[in-house]
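Quick mapping for you: the protein sequence lines, in order, are chains F, P, W and X. By the numbering used here, the letter at position 247 of the first sequence is numbered 247, and the numbering carries on one by one without gaps. By the numbering used here, the letter at position 198 of the second sequence is numbered 198, and the numbering carries on one by one without gaps. By the numbering used here, the letter at position 146 of the third sequence is numbered 146, and the numbering carries on one by one without gaps. By the numbering used here, the letter at position 225 of the fourth sequence is numbered 225, and the numbering carries on one by one without gaps.
The hints are simulated quantities; they were obtained by calculation from the structure and are not laboratory data. This one's a predicted model, so the numbers in the text were calculated from it and none came from an experiment. Check before you lean on any hint, since a few could be wrong.
Since copy identity is lost for identical chains, a pair holds within one copy or between any two.
[As the list claims (entries may be wrong)] SDA-like mimics (lysine to any residue), calculated; alpha carbons at most 20 Å apart, straight line: (1) Lys-197 to Glu-171; (2) Lys-338 to Asp-326; (3) Lys-197 to Tyr-139; (4) Lys-278 to Leu-263; (5) Lys-197 to Ala-140; (6) Lys-197 to Asn-170.
Protein chains: 4
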Amino acid sequence: MLVVMKAQATQEEIREVCATIEQLGFRAHPLPGAQRTAIGITGNQGEVERGNLEALSGVAEVIRVSKAYKLASREVKNEDTVIRFAGTDAAIGGGSLAIIAGPCSIESREQAFAIAEQVAAAGAQFFRGGAFKPRTSPYAFQGLGVEALVIMAEIRARFGLRIVTEALDNESLDLAAKWADVVQIGARNMQNFSLLKRAGRLRKPVLLKRGLAATLEEFLMSAEYVMSEGNYEVILCERGVRTFVDHARNTLDLSIIPAVRRLSHLPILVDPSHATGKRDSILPMARAAVASGASGILVEVHNHPEKALSDGPQSIYPDQFARMMDELEQIAPVVGRKLPRGIRVEAATE
Amino acid sequence: MLVVMKAQATQEEIREVCATIEQLGFRAHPLPGAQRTAIGITGNQGEVERGNLEALSGVAEVIRVSKAYKLASREVKNEDTVIRFAGTDAAIGGGSLAIIAGPCSIESREQAFAIAEQVAAAGAQFFRGGAFKPRTSPYAFQGLGVEALVIMAEIRARFGLRIVTEALDNESLDLAAKWADVVQIGARNMQNFSLLKRAGRLRKPVLLKRGLAATLEEFLMSAEYVMSEGNYEVILCERGVRTFVDHARNTLDLSIIPAVRRLSHLPILVDPSHATGKRDSILPMARAAVASGASGILVEVHNHPEKALSDGPQSIYPDQFARMMDELEQIAPVVGRKLPRGIRVEAATE
Amino acid sequence: MLVVMKAQATQEEIREVCATIEQLGFRAHPLPGAQRTAIGITGNQGEVERGNLEALSGVAEVIRVSKAYKLASREVKNEDTVIRFAGTDAAIGGGSLAIIAGPCSIESREQAFAIAEQVAAAGAQFFRGGAFKPRTSPYAFQGLGVEALVIMAEIRARFGLRIVTEALDNESLDLAAKWADVVQIGARNMQNFSLLKRAGRLRKPVLLKRGLAATLEEFLMSAEYVMSEGNYEVILCERGVRTFVDHARNTLDLSIIPAVRRLSHLPILVDPSHATGKRDSILPMARAAVASGASGILVEVHNHPEKALSDGPQSIYPDQFARMMDELEQIAPVVGRKLPRGIRVEAATE
Amino acid sequence: MLVVMKAQATQEEIREVCATIEQLGFRAHPLPGAQRTAIGITGNQGEVERGNLEALSGVAEVIRVSKAYKLASREVKNEDTVIRFAGTDAAIGGGSLAIIAGPCSIESREQAFAIAEQVAAAGAQFFRGGAFKPRTSPYAFQGLGVEALVIMAEIRARFGLRIVTEALDNESLDLAAKWADVVQIGARNMQNFSLLKRAGRLRKPVLLKRGLAATLEEFLMSAEYVMSEGNYEVILCERGVRTFVDHARNTLDLSIIPAVRRLSHLPILVDPSHATGKRDSILPMARAAVASGASGILVEVHNHPEKALSDGPQSIYPDQFARMMDELEQIAPVVGRKLPRGIRVEAATE
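For reference, chain F alone in the conformation it holds in the complex:
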């Protein structure tokens, strides 16, 4: 259910409606819009009685939400969610094209700084790097942990890049939330509901990657898990699904981009590195992603991919990244987006 407040409703009236909803045993989610505020109602003990709420002061109407996901749906919030980062003009969602680039794993301070410098020079606003790696084998390199987080915090201070890193469990979630700007939940954890709920209690944006066999509804339901706990800054990310196709590591499903944009207000990025697993296919798929309407790109860049501790074959070289940026800058206007180039960050200007 969704309570739509009148345009002139006061903050007091909004608080009153929320309090009533909570007294009824449900959870209230005030969602301010350009014209007026809506209040999403969630909970798992049936439906709230509509009459109880329609009579309250400041309420325009009470609407049933037809989708299984509520807070993630355009029914509940029509305007695009735009996630902004204090002290910078970087944004994810809306009219800007967000570029997140960096190595699969942080391997050393030198490696990370070298790559960060190059992606910043080419115009990226965000730096990605793995500190905690979900590896298929228990015997593979599992990441540098906190040491990597510290390195990335230095990169933020030095280059003004906002930091995106993955969390695997309670401990790494708390650490990532402390050190990074965006916390990533990986494809293998897309239905780790316990982790999703904990991410919902953070006050940091969550980048949620699509599971290898997730339907669109399951993907949005996982976003809903985060949002139902009060964290509305969820960024979706398509990274390919698993099919019979053998010429790419996974099958990039770009048709999800227009589908998500119809059904949800959340931004959706594309990760062409994991989607293809092949360096030569990354630029074509990055261009295609932007042309299809994606909110941005998450891409692996490495200065020596042949020596990378993980994901070398799917990392592009810094000069390919620079070329990618030029190409995306040309395509962005066709879909009504702008690629901000050059970082204008307060911290960076000091």
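Starting from the known structure of chain F, arrange chains P, W and X on it as the hints suggest.
This is chains P, W and X only, laid out in the frame that chain F set:
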């Protein structure tokens, strides 16, 4: 095996090598290139003796082809295949972007002419229309047959559009080859090897759609079936594969575009209509296809899709098609292509 | 639509109803049952007027068929279709378990006879062997053609085994129908609608294999294509579908067995050879197929699989086949079936 | 690497080898066999020097393990792992067929006891019931939690059934390990590596379900995560994978059964309830699973499935369960297994 002739080899020497190959019980495929001619050798009784050929006059070297497909591979022919149409500047492959548009089925002369006029005005060079329809149900509309072919021939004469139509079997193949400019083999017939061989004996370009569960190698092997019979003008077309994904009718696999371009010299188009089955997703996927490097687009356009006898929900309106053309025109230069607009055809100027 | 005749309806009344249906521009399919005859009505120009038929003499009722497939559905014919072979007690469908065994390709008279002798000795009723092979590559062994058909006819005369062989196109269909007892349409031709219709005009049973990406409804619709032309003896065959799974060549989908049995009266076999592509998995999957309720097994047996011209790794040895027969004989009674062992054929006793 | 001890090696020698391995910075996993003990070596800092170990007293040889999974492979341990439960003759693995039955969720004491009584009467040895439910929607019933665990402990005391229940996260894992006999890790957590490692530190058997898009190697690698921490009692469970197939909720992949049995010594069960999602298909698939060689069945049974709070349509009735047991008892001997009927448990006889 591939015989690479010397740059200065004479026609007589080429004929001599071909004759020797045929005498050995194999088939010779002379493939003229910009610098020199190569001669592909195919056959199913083992491998030709290299020494027999290397000694012949005009032969530079004899190379083993590592792929299962030979004539379709870049190993055998490095330059892009470009298919041209006499009396027009329309082309498929190389630097031009080919746009093939029209209704799923030809339903009447009026319908076909109305749509043809609009797609021609928006700049399409090719008109597609179904005369023989492969329908899942034996009780569904099966197409107007020859009557549809005659209507499309009139459309060519009137608007200068080149005609693309599907063949299902021997009879419709002969008819399509007689009346149309490009003969389409549909996804369900991609491994109808008997039909492929017969299409290989035509002297009309063949547009081969990828099967719903075809791997890249199988797709190229089916092209090879056509080429092995001597018809080298094969146009590939990605139209989505079948996966668990339920937000689109099929899953458009754009990662095949860079993969095909690496491995084969054949042009590859994308059909966003069959790939998505949803009108709202067609423009995003058409843009993505061009951005990924596809040689062109095959799209269903209908003036009254809600009344179409087949595929209404996946047909776009003529004004959407015009908008698509504008968008593709902007993206094409990023991938080194040009979208020719306006038809300049000798026949049409009479 | 389905016309259900009264139990005591005469042949004359049945003929009269059929004639009326045909005069209305539809096709009538008389389907005799144990209690009474039903008449299926098919055609692609809308629905017949119910009133016109209900008034006819001998008609009990006229029923709308809810499924897209009509003649293949249990709604139209509730009793299992059982396909019998004159002069033998071999049967496909109903309570008997049909075993079809033999090499992928007929390679020589010696090879074929050696295998036939062994599978007959182990109790198979049917012999399979490829004369016309649908090969992914145009350069691979394509089968011995008519020579193979002649060899198999000799095998029938010698061992009493009924012959199953695949047809690829018009020519091979006519030849297979002439020489064999059951004509197979392969997975790659499951939606070769032109071939299906031609098979529908044969008076030989048709074994239809499921396509690699076919849904249950598409599979039954392809059976309907054959039946709509008047050939009601269709045998379905599950042979694995294509998925991401990489430990078997295809993914055997046994859940289709109970689903087909609910929806259709047609028998359904399982081919564990193509489904798995691995010798070690064939016996387990054959047992599983029978336990799931399949009407029988189609399996590749070769006396020297390591030398087979095609499909060697997925062929079992004759002694494995004999063991398989013993195991299936034990499982069959659990699902209410009987495995006839030893051939009792009139022709063979001469 | 694997150290194979001599048949007559002493416990002291085994301890010495383990200590040496640990001093080298690796982890030692002593694996006692019928003839002799093997010691698996795992770790993620490269390979141990073979010479260091071969010289130790009691060592027969040091072998390189070719698979990515080590402890789960037949190379390291050839004999089937059999998991036994103190004070009962129930077992999972080896020659006995294990049957685990019960409702999706524990809904109340009455419901749980009624179902437990019926499945015990029919001969099940294990009772399954959900206390913590991983639900796609945050607003769906999430399970009774500890209350459900207490109910199941009472069921064990009353009927002698061993208890299987799912854990989702750290908290529920610790609780499940405390109250239940087998801890289940669900399909959505198959690659929740943090949870797997924690389960590896339990001293309770872990039932690991295959992920919806997991390859065989990934499945065994997840088992390896548990084993690498020292818990070698891992039970695999196939429950269907996600494909395009739409006549069942998932596609049961029985071909994984012979593949797992070739590669691993771990037992593998089949869950026909989640695999099909359809009551009518459960018995056929349970029979097929046993016929294919599975170590047992995990099945949802509910006394009032139409009123179940979760998974009603895929639960069978108690009388269907009893029939299933009769059928499986007949099939088991064909694959060299025995279905123990009737519970002979010390606790139950008091």
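Hints, verified against the model:
no.: 1; hint: Lys-197 to Glu-171; result: both (14 Å within a copy, 14 Å between copies)
no.: 2; hint: Lys-338 to Asp-326; result: both (12 Å within a copy, 19 Å between copies)
no.: 3; hint: Lys-197 to Tyr-139; result: between (29 Å within a copy, 12 Å between copies)
no.: 4; hint: Lys-278 to Leu-263; result: between (31 Å within a copy, 14 Å between copies)
no.: 5; hint: Lys-197 to Ala-140; result: between (28 Å within a copy, 14 Å between copies)
no.: 6; hint: Lys-197 to Asn-170; result: both (11 Å within a copy, 14 Å between copies)
Hint check: no violations occur; every hint is consistent with the structure.
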